[in-house]
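Enquirer: Spelled out, the chains give:
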Amino acid sequence: MNLEPLLQIAVGVGGLAGLASLTGVILQRSKIHAEAKKSGADTAQVLADAAADLLTPYREQVGELRVEVRGLRGEVSALRRHVDQLDRLLLAAGISPPPFLWPPVSADNDLEPREQTNG
Amino acid sequence: MRMPDTIPARRHPHQVFVAGFAILAGLPVLLGGPSAGSLSASLPGWLLAVWGFTLTVGGLAILGAAAVRSAITALYLEAAAHLPLAIMAYAYAAALVNLAGIRGLSAAAIVAGFGLASTVRAAQVIRTLRRLGRAVQRQVGA
Chain A
3 MNLEPLLQIA
13 VGVGGLAGLA
23 SLTGVILQRS
33 KIHAEAKKSG
43 ADTAQVLADA
53 AADLLTPYRE
63 QVGELRVEVR
73 GLRGEVSALR
83 RHVDQLDRLL
93 LAAGISPPPF
103 LWPPVSADND
113 LEPREQTNG
Chain B
6 MRMPDTIPAR
16 RHPHQVFVAG
26 FAILAGLPVL
36 LGGPSAGSLS
46 ASLPGWLLAV
56 WGFTLTVGGL
66 AILGAAAVRS
76 AITALYLEAA
86 AHLPLAIMAY
96 AYAAALVNLA
106 GIRGLSAAAI
116 VAGFGLASTV
126 RAAQVIRTLR
136 RLGRAVQRQV
146 GA
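Read top to bottom, the protein sequences are chains A and B.
Position in the first sequence counted from 1, then plus 2, gives you my numbering.
Position in the second sequence counted from 1, then plus 5, gives you my numbering.
Hints listed in this document are in silico derivations from the structure and should not be mistaken for laboratory results.
Every residue gets a Cβ at the ideal spot worked out from N, C-alpha and C, and that includes glycine.
Sample of chain B residues facing chain A (criterion: CB under 10 Å; computed from the structure):
1) Ala85
2) Thr133
3) Arg136
The task is simple: from the sequences and hints, build the whole structure.
Expert: Here it is in structure tokens:
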């Protein structure tokens, strides 16, 4: 089957789609600007606020995770201090402390395979 | 925990690479250099130029989206670029199959895959821009 006429139409449509999407983007942008202007607000500010609105869920979750990680780091540091303290006490009592082996880091972070993502 | 599907990453290395590749494919055609044999066999000169122009401008727009600071400007650039690029990729894939038949199938699948990826990305960007429009309306209405 000869696809040439279809190909020519497809490339023509692609070119027109390019023009249409460019026009659509310009129209949508000017519409958003007009709406922002109509309210008397600073357009750039409204757009920045709207973008922040969209990004808020990410920011909140990233913030929560950071707090969680800070807490975990604090716990690990406290555990290390306790282990050192125990070692010193054992040495003072003349007992050689057993080597403390930190548990291996879980390769899958204790997640089910379907929960694992590449971030 | 599921991350919300909001503004997607625009600086993904694969996307930037493919954008550069689109320019590499389109620019020589525009400058009168060699073009893909399958396309030049199927298209008249002016449509070949349209194909090269769309690939070059689309690729530049996506590279621009990765370069600009404003996430909103980047979304607009991507919204303008992805769909035309997808159509041109499908056309190229079809031209490959048309000329080379079954032998051109694997190359055509890669090019069509680029088109499919661009289509999905266009849908993501358009959805995000719609959300942006609604967010602006909420801001203005508030």
